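Each chain, letter by letter, is given below.
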Amino acid sequence: GAGVSQSPSNKVTEKGKDVELRCDPISGHTALYWYRQSLGQGLEFLIYFQGNSAPDKSGLPSDRFSAERTGGSVSTLTIQRTQQEDSAVYLCASSLAGGTSYEQYFGPGTRLTVT
Amino acid sequence: QQQVKQSPQSLIVQKGGISIINCAYENTAFDYFPWYQQFPGKGPALLIAIRPDVSEKKEGRFTISFNKSAKQFSLHIMDSQPGDSATYFCAASGGDYKLSFGAGTTVTVRA
Numbered sequence: 041g042a043g044v045s046q047s048p049s050n051k052v053t054e055k056g057k058d059v060e061l062r063c064d065p066i067s068g069h070t071a072l073y074w075y076r077q078s079l080g081q082g083l084e085f086l087i088y089f090q091g092n093s094a095p096d097k098s099g100l101p102s103d104r105f106s107a108e109r110t111g112g113s114v115s116t117l118t119i120q121r122t123q124q125e126d127s128a129v130y131l132c133a134s135s136l137a138g139g140t141s142y143e144q145y146f147g148p149g150t151r152l153t154v155t
Numbered sequence: 200q201q202q203v204k205q206s207p208q209s210l211i212v213q214k215g216g217i218s219i220i221n222c223a224y225e226n227t228a229f230d231y232f233p234w235y236q237q238f239p240g241k242g243p244a245l246l247i248a249i250r251p252d253v254s255e256k257k258e259g260r261f262t263i264s265f266n267k268s269a270k271q272f273s274l275h276i277m278d279s280q281p282g283d284s285a286t287y288f289c290a291a292s293g294g295d296y297k298l299s300f301g302a303g304t305t306v307t308v309r310a
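Chains as they are written, first to last, in this note's numbering: chain E, 41 to 155; chain D, 200 to 310.
Hints are not guaranteed to be accurate.
Pairs of lysine to aspartate or glutamate residues, derived as EDC-like cross-links and limited to a Cα-Cα distance of at most 16 Å, are as follows [to be verified]:
1. Lys204/D - Glu84/E
2. Lys97/E - Glu84/E
3. Lys297/D - Glu54/E
4. Lys297/D - Glu84/E
5. Lys97/E - Asp295/D
6. Lys256/D - Asp230/D
7. Lys297/D - Asp96/E
Derived from the structure by calculation, the hints contain no laboratory data. Predicted model only: the values in this text are computed from it and were never measured.
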């Protein structure tokens, strides 16, 4: 595809359930980021993958959040035992490599609503 | 806490007018300051970026002004058009890949 794609575009789940959000980065991009965008707030960094290096998980808000990137391409963000405060738009971005010399291209996001 | 403070939260400007959005930061290690534009239902897209070695950068109708001593930077949208109606985010980064974002400004351009 031409850009970063994310699925699903919308997800409504009940409190306590687990959810998986998927990100397909631009082909050839080695760096992949996950952000969370809460209503009226800026983007909050969650996790960063670069090639085969260990991911930077420093932004994950709790141990209920985890992410993996298989084969250096597709990434899945998993939220276990969802809470209402997890409701937000989850954005994925990719770049040719890590660092600010490389533009981050964002997907359209997954809107998560926890009821 | 938010490392980049952005204001105003929203603004309305007439077509042809100038939109001004301001951001301030505290971390003196920041050395990269991008602005992103986001339309409803879309992800943010890089609009323009500046590094501290220059005080101003212009791309078309969009200009970043940077004041290193005051630790402030701003986005000016000249000759604002209805198609500029969007949410704008400032961000900052210090030598690595992490971007700290402001809370966003919703700009509405009235025809």
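| Index of numbered hints that the structure contradicts, given in increasing order | Going through the list in order, the structure violates hint 3 alone and respects the others.
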